[in-house]
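Guided by the hints, dock chain S with the ligands onto chain V, whose structure is given.
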Amino acid sequence: MASNRTISQTVRPVVGFAVRLTMALSIVVFLLMMLLGLIMRMVQGSLLDIPPDLFYQIMTAHGTGMVGTAGLAGAAIMWHFLNRYVRPSVSVYWLFLAFFLTGVVLILAGIFAGGFAGAWTFLYPLPARSGAVWSVHAAFSFIAGLLLVGVGFLLFYLDAARAIVGRYRNLSNALGWPTLFGSEQADTPPPAIVASSAVLIINTIALVVGAVILAITAVNLYVPSLTINPLLAKNFIYFFGHVFINATIYMAVIAVYEIIPVYTGRPWKSSRLLIAGWSATLVMALAVYPHHLFQDAVMPGWMLVTGQILSFASGIPVIVITTYALLSYLHRSEIRWDLTSALLTLGVFGWAGGVIPAIIDGMIVVNKVMHNTLWVPGHFHFYLLLGMVAMALGFATWLAQGEKPGTAMTLSHKLALGGFLLGGLGVVLTFLYSGKESVPRRWAVHVPEWTAPDQLGSVFAAVVVAATIVIAIQYMSRCARSS
Amino acid sequence: MQEFLWLLTLSLVALLAVIFVAVIRQAAMPAAAAVPARSGRYRQPLFWGLIIVGVAVTYGTLVPWPYSPDPRTTDTPLRVNAISEQWSWSVDHTELPLNKPIVFFVTSRDVNHGFGLYDSDRRLLTQVQAMPGYVNKVHYTFTKPGQYRVLCLEYCGLIHHDMIAELTVKP
Ligand code: HEM
Ligand SMILES: [Cu+2]
Ligand SMILES: [Cu+2]
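If you read the protein sequences in the order shown, they are chains V and S.
So the first sequence is numbered by the working numbering: it starts at 1 and just counts up by one.
So the second sequence is numbered by the working numbering: it starts at 1 and just counts up by one.
In isolation and in its complexed conformation, chain V is listed as follows (with noise of 0.2 Å):
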C-alpha cells in the first residue's frame, strides 16, 4: 500500500513558522482568557466585586475569545498536519490570520470600549435591545469582528478543500468512502485527512450559516423595521454555535491521531471504524443542534426527539472510537511518557469525561431541571478545558521539543500536568456541582447559599492558570531558542 505517504520532505519552513506563532498567540490568550474566568468566578464566589455591567463584558469577551481561539489552535493543528499530506497555501493561511485578527480588534473594542456584553451568543434580538446599556456601534463593532473571523475561517476551509482535492480528487475519496464502501482504494487517506476532510465539509456550511444570522443582526441594528423570526434566528445561531464549537475539538483531535503513533510505534490506521465514524459525525454533528431547543416548546416535536436521539448517538462515533483505539493503542507500547503524550491523552480522557455529563443534559426531561444552569459550563468546560485546550497544550509541547518525543517528565512537567488535571477537574466539577444545585448560569450575583461552590472553582481555577503559566513559559522559551 502506497498510502499515507507524506510529503513532509517538502514541507516549507515557513509552515512551522505560522504553526508556532500560531500556538504562541493561542497559549496567551487562553491565558488571558483563563484570568477572565478565574475573574468571573471570584465574583461568583463574592471574593471580587465587580459591577454586572462589566461582568457581562468579561462574560462576553471569556466566551467569544475561548471559542475563537479553540479554533484558531485547532485550524493551526489542522493546517500543521495537512501540510504532511497535502498543500494548502501559505498566502491563505496569512491571510486568515489577518482576517482574524482584525476581527479580534473591533470584539475588544465594541465590549470593552461600547460596552457591549450580548453574550458570545448574540442572541437574537439582544443586541439591538440591550435596554440602553450598549450603543448600537458596539454591537455593531462585535457583529462586525465576528463576521471578519468567520470569513477568515472560511478562507481557511475553503483552501484546505482545495488542496485535499488536489490529492485526492474529490471530498468523497479524502473522506475514505472507496475503503469504507469496500473496494480497493489505492491512496487511502490517513485519519488526519479524513478528519479534516468532515471538518471543512461542516464547519464550512456552518460559517455560511453564521455568516447569514450575523448579517442579519447587523442590518437589524440600523435598520430596525428589518427584522427575523426569533425563533429562526436561534436556530441559526445554536446550528452555528454548536456545529463551531465541536469543531475546534475535532480539529484538535488530529494531533492525537498523528503524534500519539510515534510514541506507541503502532500507525493509526484510517480503519473502516474510523472511517465510517467521521462520515457518521458528518451528518450527525449538523443535525444534532436541537438539543439546544428543548426548552422552546414550540419546536417542532421531531426534531426535538432528533436533538435527543443524536445527543446520545453522536457520542458514539468519533468519541467512543477514538478513545476505544487510542487506549488499545497504549496498552502495553512500551511508551515513554513525556508531557506531550500525557497531554494528548489527557485531551482524549477530557472529551471522553465531559460528554458524560453532556449527554445526560441532552435528554429532554433532565434539560427541564439542567438546561442554564451551571451544569452546562460544567460539561462544557470538561471536553474544551481537559479536552480541546490539553490538546492543544499537548501539541505546543511537541512543536517545542522539536516535533520527537521529549525528555522524560521533569519535576515541573509533573506538576504542571497534575496542577492542570486536578485545576480543571475541580472547575469542572465545582461548576456541574452548582448545577445540580440548580444555579443558574451567566448570572452575575450569587446569592450566599450559592457561593462556597463558586469559592472553591476559584482556588481550582487559580491552580489551572498557574500550570497553563508553567507550559506557557516552557514553550515560549524552547521556541525562542530554536528559531
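Incorrect hints may have been included.
[Claimed, not checked] Pairwise CB distance ranges (calculated):
#1 V:473 with S:26: 28 to 36 Å
#2 V:404 with S:26: 49 to 57 Å
#3 V:272 with S:68: 41 to 49 Å
#4 S:98 with V:102: 58 to 66 Å
#5 S:145 with V:473: 53 to 61 Å
#6 V:410 with S:51: 40 to 48 Å
#7 S:50 with V:365: 42 to 50 Å
#8 V:47 with S:71: 41 to 49 Å
#9 S:98 with V:226: 47 to 55 Å
#10 S:51 with V:172: 35 to 43 Å
#11 V:418 with S:11: 17 to 25 Å
#12 V:418 with S:50: 30 to 38 Å
#13 S:105 with V:47: 34 to 42 Å
[As the list claims (entries may be wrong)] Under the rule of at most 20 Å between Cα atoms (straight-line distance), these lysine to any residue pairs were calculated in the SDA-like manner:
#14 V:368 with S:60
#15 V:368 with S:140
#16 V:368 with S:64
#17 S:144 with S:88
#18 V:414 with S:28
#19 S:144 with S:83
#20 S:137 with V:296
#21 V:368 with S:143
#22 V:269 with S:41
#23 S:137 with V:231
#24 S:137 with V:298
#25 V:269 with V:172
#26 S:100 with S:147
#27 S:137 with V:172
#28 V:368 with S:6
#29 V:269 with V:180
#30 V:368 with V:310
#31 S:144 with S:125
#32 V:368 with S:28
#33 S:170 with S:93
#34 V:368 with S:101
#35 S:137 with S:42
#36 S:137 with S:171
#37 S:137 with V:180
#38 S:170 with S:60
#39 S:100 with S:76
#40 V:414 with S:23
Honestly, the hints are just simulated from the structure, not real lab data.
Yeah, the Cβ is synthetic: ideal placement off N, Cα and C, and Gly gets one too.
Chain S with the ligands in isolation, oriented as in the chain V frame:
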C-alpha cells in the same frame, strides 16, 4: 432527580478514569503477543451495550412525551400567563392552587428570557423559554404549599440576575 444525575455522572466519569488509569499503568510494559487482537475483544460488547442502553433510555425518557400535561389527572388545567420584559415578570395569578394542574403560557415583550420555576429550597422544578412572538407552554402541578419563585434562565442583559417573580401556593 438532580442528586441522582450528579451521582450518575460522578460514577461514569470515575469509571472512565479507572479504565484510563488501568491502561496507562500497563502502557509502559512490553507488548504481550498479538495485543491488537486481544484489545478488540471488548469492541462488540461495547457497541451493542451502547445501542441497547441508548434504545432503552430513549424509550424510557420520551414515553410519555415530556411536554404533555400531568398524566395523573384529567382536570382542565388552570391557565397562568407569564409575560417577561427587560427586566421583570408579570404573572397574572401569583396565588396558585395546590394539587391542581397548571399550565403557564410564557412569552416575552422584547428579547429572549427563561421562565425558571424554583421552590423555596432554590431547587429548579421546571422551565421553558420566554420568546418574543411565541407562547411556550409548560405544565406543572404544585404538591406542596409555600413560596415559589420565577428566576430568569436566559441571558437577557444587564439585570438578568435580578429578574425574579414571587408566587405563593395556598393549601
Ligand atoms: C481556568 C479556566 C476557566 C475558568 C475559571 C472559566 C470560568 C468561566 C466562568 C465563571 C464562566 C461563566 C459561567 C456562568 O455562566 O455563570 C465561563 C463561561 C464560559 N467559558 Fe470558561 N473558564 C475557563 C476556561 C475555559 C476554556 C478553556 C474555554 C474554551 C476553550 C471556556 C469557554 C467558555 C465559554 C464558551 C463560556 C460561556 C460564556 C457565556 O455563557 O456566554 N472557558 N467560564
Ligand atoms: Cu450543542
Ligand atoms: Cu434573563
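Checked hints:
no. : hint                         : result
1   : V:473 with S:26: 28 to 36 Å  : holds (33 Å)
2   : V:404 with S:26: 49 to 57 Å  : violated (24 Å)
3   : V:272 with S:68: 41 to 49 Å  : holds (42 Å)
4   : S:98 with V:102: 58 to 66 Å  : holds (60 Å)
5   : S:145 with V:473: 53 to 61 Å : holds (60 Å)
6   : V:410 with S:51: 40 to 48 Å  : holds (45 Å)
7   : S:50 with V:365: 42 to 50 Å  : violated (20 Å)
8   : V:47 with S:71: 41 to 49 Å   : holds (46 Å)
9   : S:98 with V:226: 47 to 55 Å  : holds (48 Å)
10  : S:51 with V:172: 35 to 43 Å  : violated (27 Å)
11  : V:418 with S:11: 17 to 25 Å  : holds (23 Å)
12  : V:418 with S:50: 30 to 38 Å  : holds (32 Å)
13  : S:105 with V:47: 34 to 42 Å  : holds (41 Å)
14  : V:368 with S:60              : holds (16 Å)
15  : V:368 with S:140             : holds (12 Å)
16  : V:368 with S:64              : holds (15 Å)
17  : S:144 with S:88              : violated (25 Å)
18  : V:414 with S:28              : holds (17 Å)
19  : S:144 with S:83              : violated (24 Å)
20  : S:137 with V:296             : holds (9 Å)
21  : V:368 with S:143             : holds (18 Å)
22  : V:269 with S:41              : holds (18 Å)
23  : S:137 with V:231             : holds (15 Å)
24  : S:137 with V:298             : holds (8 Å)
25  : V:269 with V:172             : holds (18 Å)
26  : S:100 with S:147             : holds (16 Å)
27  : S:137 with V:172             : violated (44 Å)
28  : V:368 with S:6               : holds (15 Å)
29  : V:269 with V:180             : holds (13 Å)
30  : V:368 with V:310             : holds (18 Å)
31  : S:144 with S:125             : holds (12 Å)
32  : V:368 with S:28              : violated (45 Å)
33  : S:170 with S:93              : holds (12 Å)
34  : V:368 with S:101             : holds (17 Å)
35  : S:137 with S:42              : violated (45 Å)
36  : S:137 with S:171             : violated (24 Å)
37  : S:137 with V:180             : violated (46 Å)
38  : S:170 with S:60              : violated (34 Å)
39  : S:100 with S:76              : holds (9 Å)
40  : V:414 with S:23              : holds (19 Å)
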